[in-house]
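Asks: Read top to bottom, the protein sequences are chains R, S and P. In terms of this note's numbering, the numbers along the first sequence are unbroken and rise by one, the last being 155. In terms of this note's numbering, the numbers along the second sequence are unbroken and rise by one, the last being 904. In terms of this note's numbering, the numbers along the third sequence are unbroken and rise by one, the last being 1191.
Keep in mind that the hints were calculated from the coordinates and are not lab data. All figures in this text were calculated on a predicted structure; none of them were measured in a lab. Hints may be right or wrong, so weigh each one.
Below, a list of computed lysine-lysine pairs in the DSSO-like style, where the Cα atoms sit at most 27 angstroms apart [unchecked claim]:
#1 P:Lys1002 x S:Lys261
#2 P:Lys956 x R:Lys2
#3 P:Lys1002 x S:Lys769
Chain by chain, the residues run as shown.
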Amino acid sequence: MKIEFRVNGVQHTVDSYPMARLLDVLREIGLTGTKEGCGEGECGACSVLMDGELVNSCLVPVLQVAGCNVLTVEGLAQNGRLHPLQEAFAQTGGAQCGICTPGMILAAAQLLERYPNPTDEQIRDGLAGNLCRCTGYQKIFDAVRQASAVMAGGS
Amino acid sequence: MFQTVGKPVPRKEGRAKVTGQAKYVDDLSFPGMLHGVTVRSPVARGRIRNIEFTGDLPWDEFTIVTAKDIPGANVVALIVDDQPYLAGEMVNHTEEPVVLLAHRDKHLAEKARQAVRLDIDPLPAIFTIEESLAKEQIIWGADNVLKTFLVEKGDIESVWAEAAHIVEGEYRTGAQEQLYIETNGMIATASPDEGIAVWGSMQCPYYVHKALQKTFPLPPEKIRIIQMETGGGFGGKEEYPSILAGHAALLAWKSGKPVKMIYDRAEDMAATTKRHPSLTRIRTAVSDDGKLLGMDIEFIIDGGAYATLSSVVLSRGTIHAAGPYECPNVRIRSKAVATNAPPHGAFRGFGAPQSIFALERHMNKVARAVGLEPQEIRRRNFLHTRGATATGQVIRETVDLEKLLDRALELSFYDAKMQLFARDNVNSRIKRGIGFASFMHGAGFTGSGERYLQSVAGVEADAQGKIRILVSSTEIGQGTNTILSQIVAETLAIDYDQVNVAQPDTAEVPNSGPTVASRTCMVVGKLVESAAIGLRQTLLKADLLADDYTPAEFAAACAHYIEQFGPLKSFSQYEAPPGIYWDDDAYRGDAYGAFAWAVYVAEVSVDTVTCEIKVEDFVALQEIGRVIHPVLAAGQIEGGVAQGIGYAIFEDVVWNQGRMANAQMTNYIMPTSVDVPSIRVYFEETPYEYGPLGAKGIGELPIDGPAPAILNAIENAIGLPVNEIPLTPEKLMQALAHAEVSAVEASVA
Amino acid sequence: MRSYVPDYELVAPESLDEMLRLMSREPGVWRPIAGGTDLMVLFEAGKLPYRKLVSLSRINQLRGFTASASHITLGGLTTYTEIQRNEIMQREFPLLVKAASWTGAVATQNRGTLAGNIANGSPAADSPPALLVYDAEIGLLSERDVRWTKYASFHTGYKTSLMEPDEVIAHISLPRTTWGSKHYLRKVGTRKAQAIAKVALAGLAKMNGGAVERIRIALGSVAPMPIRCVETENTIAGRMLDRSAIEDAKVAIAAEIAPIDDIRSTADYRRRVTVNLLEEFLESLLE
């Protein structure tokens, strides 16, 4: 069936089974930045924002996305200019193998939206649904702190 | 002073990764591509009777491959040719591949996989080290023994009579899943005329290249292996990709179409390799004043159903078993045995985390027996420069373990915390404790390994003076692209941005060896450095460059050279540093070119209500030679420590008849962001003469120390020694209950 | 992805009436799906036993909070995130707020709903122990009926309940009688976040001097379904809370649970921890 929704500001009409996972649909329209790590909502690699709320796209049937706005990692940079979180992850070593990175950055975006100046505990809780096997999370915390400071500076 | 080395330059592929543009294998799609799936054995051991294709499925649309369809040898070429690509008559472990299917429709392929019925007559199987040693069933070779080693130093039998203390202990470690977040995946194209090309997630393109040569009737140049961006490996993508690449290529060979195979998480966890479970028994003779007189160590690992890399894992575990201590009389007897579990394989540390866990727990036991503090027993036995390891390797570099220990204890406020916890624990349900481990990890292949590998690395310049590094060493998150570029930029005195690393493609890059064994920085880095020096020499000899030059002059020289002589490339091949000697038969000599040395301190709390364990603070201090990139190096340590925390207290592979019963991320528990403490990383830098700009290897080191440090801290917290990991709350509660019962029985007696 | 996607049907009615009509026309055929945080996991694993699903995502009548003097009523589609943000919940029902904050992580909390958590019927679900001690009532809705039932009698066994095949959990109502009570909740999982409970104990008690005036105790993961421990409550209700009362309660609770060995934990551990948590809760009442 035909399902319409917006991704990164662009209207899409997909012809899909209603139970198809949002994750697969996004990847099929070429947005492969959203990754599959576990398929059971545990690792967060497939995290996207759906109407501003962080979701695991592997657990969202695409029919439920009809009429929604989806933001994926591809939609974060504006006119080639990286989002402060992307800059920070690249600079602080928050990305190693990179497979958790898109989801992690979106989880961090949700976190900073809720808590622009998060405490360490808020950072840990906000990212607890995004598993990283490379970094031990320390550099990811650094990245979030750095992005928070940059965003507060209004640059 | 260095211009690039030691600086936190941006990760080469960092921008691609943070924008989602980096291409992993599952992000590729080829026209006409099929999707491949694997039908696996549900039983651990048995004889295949029949394969039935059931259900209402268009079976004629499927490409179906069984053992009979393999054009060459049905063997995954590695060390011993015992493992088939597809089981033909017998299955020897759960999840062993039997049938491959491919179809245009990914979902239909999966549906079909579930509709294939394997009719297998089960045979009795064995699942533990004990069952294998008891030869309840002979499932491999004549005696289930995959490999043994014997290391001897001095005369172990001479020590027991004079020893003031004889301390014995038994230590166990469990399997551990690598749990890279990107599962294994490959895409293959194959035909007799065009040859084979494979794109995939892997650590070692040339391992795959070698393996496919046996399976397909093709010359080496008709097999091409290309590494895509790889979402973590940790050893889990060392040998296994050879199997998956072979499977994808077999389906492509038969169908004539590109075939993509991506494991889902459940399949990846259940079917691919894990860290070898181990059992170590240690018997030490100790003098009155705490000197180790003799160490008798028995080290046994469970290799699973086939030999794979178990012999090499066993070797590293064996050599690290005596730790960073000098002892005149040592005997290490080690054995890898077969069970009907999926083969265990490479995982960061490669045997060393197992034997180091045992020894570092044992050293605390020795301390208790002698009546010394854990730090004091180690001080009295540390290896020093010019001292000799268990294999008789004389340490030539400067090593100062006392200094590392003192600094680590100071950084962790060890003494003050010891006192504080001893006081506060008395009336608290939360018991806190602190503990440490001191250890070393050898960089590069063991013994003659690097000599056999004869790795080659190259650099190529273009007319703009840009350098492309040619290596098969892969970027899997650890920073290969960045550090090799730094080394070359530094060596050639050009800008870091002018250097890049070619995508590993066996058609394009030489074999710089596998991306394993903490060798990429130290060994391949050195080759790349030499190749860069060679390139500069070429320009100097051609009179195109002076001794001193600017980056612009370098670029101009490259342009002139290429115009006059054609391509400007330089290659370098491995040569052992002088004075390195290894005897493979006696297992004696210089096991590693260099070691990294470390002392890790863990602080824990144990909630006696629930036996939940929390790591509250972690100090990781190490000497790793020159630090090429401070942020990446710290990132390696932090990541390794987090995996080590998981290994120690969370990550429990639940086995049921040789099958992983908890093959989901929901039930196999790795640490989240709230489970790791602040990990405080410190480096000491003693440049190593034969490493690139003084660097040694660090990739594996950080997984060795956390488990013993944490268990030592737990013992300090609760006053009860536990010698098995993973130490889950269930096991700890059982141990405490058992200790309580024993105490009551003792008081009654 | 182990399910064959074309085999599954999903519809998203625009109204509650439309949905109830569908469910009444073919009772037991249509399975409601809200945030999908449980059902989609089964779907991925090839273990979803329902072929026809009806999405509640557009039914706004089942969202939000309604407070009266005596009760607060939550729409079944209230998410864990919304529970955590509600001020009445924070003040009067802190255990449910805690449980919501422990369910999965942010992405799960944004999507997962209270009705889904109840309907899924997992003995390890996070919200039930809190709902049980708060004496929640469940509003079940079908085309033919609206009925209310005590949550304590809702589950009838492992993944079974007294819900009829044409019913949905429309509302969850909590009596606002927690003032002056002590609230206790502990969830024991293997890790600190994104954990599935191996044992969870919720307790609510009102003390009068040293005596237990009123007490409710509930547990997750130690029986085929979430349970209220009525026998244990009766052992100490009205008594002075002294050492012997605590010891009696420990004996009672050990007899009231039926924990099992599974891939996440052991029966022995669950039994010991249950008793220890109860002791911790009761001792906290003495402070």
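Asks: With reference to the structure, classify each hint as holding or not holding.
Replies: The hints, checked one at a time:
Proximity of lysine 1002 of chain P to lysine 261 of chain S is assessed by CA-CA distance (about 41 angstroms); at most 27 angstroms being required, the pair is judged violated. Simply put, lysine 956 of chain P and lysine 2 of chain R have alpha-carbon atoms about 18 angstroms apart, close enough for the 27 angstroms limit, and the pair holds. Between lysine 1002 of chain P and lysine 769 of chain S the alpha-carbon distance is near 20 angstroms, which keeps this suggested pair within the 27 angstroms criterion.
Checked against the numbered hints above, the structure violates only hint 1.
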